[in-house]
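Participant: Please model the entire structure based on the sequences and the hints provided.
Just so you know, the sequences run in chain order V and A.
So for the first sequence, the numbering used here puts the first residue at 1; every next one is plus one.
So for the second sequence, the numbering used here puts the first residue at 1; every next one is plus one.
Everything labelled a hint here was simulated from the structure, so no lab data went into it.
One thing to keep in mind: the hints can contain errors.
To be verified - Partner residues aside, some chain A positions facing chain V, computed with beta carbon under 7 Å:
id, residue
1, M1
2, E27
3, Q31
4, A41
5, A64
6, L67
7, A103
8, M105
9, V107
10, A110
11, T113
12, L213
13, V214
Each residue gets a CB set at the ideal place from its N, CA and C atoms; glycine is no exception.
The primary structure of each chain is shown beneath.
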Amino acid sequence: MVSLLDIIGPVMVGPSSSHTAGACRIGLLVRGLVGGTPEKARIELHGSFARTGEGHGTDKALAGGLLGFRPDDERLRDALDIMEREGLDYQFEKTTISDDAHPNTCRLTVERAGQIATVIGSSLGAGRIRLSEIDGYPVELTGTLPTIVLVAADQKGSVARIAGILAEQSVNLATMRLSRIERGGDAFMTIECDEPPGDSARAAIEHLDWVKWVRTLDKVGG
Amino acid sequence: MYKSLADAIRDAEASGRTLSATALALESKDQGRTVEDIRGALRRALEVMRGAVERGLEGDLRSASGLVGGDALLVARSSAGPMSNTLFSDVLARALAVQEVNAAMGVIVAAPTAGGAGVLPAVLTGLARNRGIGDEAVIDALATAGLIGAVVAERASLSGAEGGCQAETGAAAGMAAGAATEMLGGTPTQVGHAVSLTMQGTLGLVCDPLGGLVELPCVFRNATGSALALAGIEMALAGITFAIPVDEVIDVMGEIGRNMDVRYRETAGGGLAATPTGRRLAKERLVQIRTAPR
Chain V
1 MVSLLDIIGP
11 VMVGPSSSHT
21 AGACRIGLLV
31 RGLVGGTPEK
41 ARIELHGSFA
51 RTGEGHGTDK
61 ALAGGLLGFR
71 PDDERLRDAL
81 DIMEREGLDY
91 QFEKTTISDD
101 AHPNTCRLTV
111 ERAGQIATVI
121 GSSLGAGRIR
131 LSEIDGYPVE
141 LTGTLPTIVL
151 VAADQKGSVA
161 RIAGILAEQS
171 VNLATMRLSR
181 IERGGDAFMT
191 IECDEPPGDS
201 ARAAIEHLDW
211 VKWVRTLDKV
221 GG
Chain A
1 MYKSLADAIR
11 DAEASGRTLS
21 ATALALESKD
31 QGRTVEDIRG
41 ALRRALEVMR
51 GAVERGLEGD
61 LRSASGLVGG
71 DALLVARSSA
81 GPMSNTLFSD
91 VLARALAVQE
101 VNAAMGVIVA
111 APTAGGAGVL
121 PAVLTGLARN
131 RGIGDEAVID
141 ALATAGLIGA
151 VVAERASLSG
161 AEGGCQAETG
171 AAAGMAAGAA
181 TEMLGGTPTQ
191 VGHAVSLTMQ
201 GTLGLVCDPL
211 GGLVELPCVF
221 RNATGSALAL
231 AGIEMALAGI
241 TFAIPVDEVI
251 DVMGEIGRNM
261 DVRYRETAGG
271 GLAATPTGRR
281 LAKERLVQIR
291 TAPR
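Facilitator: Below, the structure is given as structure tokens:
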């Protein structure tokens, strides 16, 4: 359903909703995955992001998102200088991720406090985004709702258990998606919620001994 | 939101309300937000639009490639043209100003997109200043513009990559014309004709930016798009009716976009981007961006 405010908005730093605002949102979501500003990042740009990214400030927008700036934050323009000043090591490269990847796609490998995450994200137009892969697991994250992501040992009843915890905490689920690379291997779960899940829900999930790590991501758009 | 402007116009006429009131009521129901809350978000959009107009008219901004910037001020200061120092030249200057801010990574409202962000603020704030129209009426006009844009998004497209520039500055011009027609006292039916009379003049417009950047001709397309919107407003308020219904005009814009060669849809493979000078400038300036000290 199209909303009036999707049309008269977003308020954003130019010049391109896909190459600038969308790129910033990808950076913001990836920052959430490692729980704050990454110290190191390898940012690989594909397709139109690689071809016209510099002219559209895609590099600045991605770095700005990793720094925690939102799409309407004028500091995006100076994000590369700020990154250098803060001693952060972000490297940009051009690449081909795959022939059928969306033209505005990037792969980010980020590191913070010993945690590493590798993410593939695309900017779909009008500032909408989709993360399609996290650490090799296929996902589908849009950043339009508060989201819980976790890695758990593959075991029976895990989905029901987590849904039960969220129900106890009065968190309403919008979508839930489970993916694994191999049978019996770790499972990657993404749970989009109608309201922010809160620290106690997160702590209860983290407390499960078969949950290896969990992150809650704020919504970044929509 | 409505998927047909004819439906929205019928509802508005039947209830004796404006299109903006009709759209705000439906948006409130769809999104579970109060009308006041939605108008608050539109008020913030209007503030950002005004800020971008003012910032651009300072004249010192340059885009990443250096190809655009400073032209809004040239128009604002000129007395050489046949329309200098009129509403018309003021609207052109405002459209250029917002797009110069956009190209220089300043803050704008993507309405409907960043590439077409100059038209709506130019036409609405230019007319509001010229006619002494207060902010509440301009905020209502933004709601009408949002309604028109939502119908275009639903029936056709608002993306240059999908539908060419007719879907960006063309749609923006239709939105601005309809919104301003209501703001100046036109009936819902006249708003529909203003959209048609404006968009008929943008059908087939290609998206051909040099180097794929939102700079050239985008900045100037916002100015000429604003001029077309003023023409549509003038004709609709004079009582001209356009024989093809507005939803059909929007549908055919979508159809033309789908049939448009990919070279003319934001890929820099055709149009001005592919002229000998377009190619040369894009190459030189992109190299310059890459090697420029930050």
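Participant: Hint by hint, where does the structure go against what was stated? Just the numbers, ascending.
Facilitator: 6
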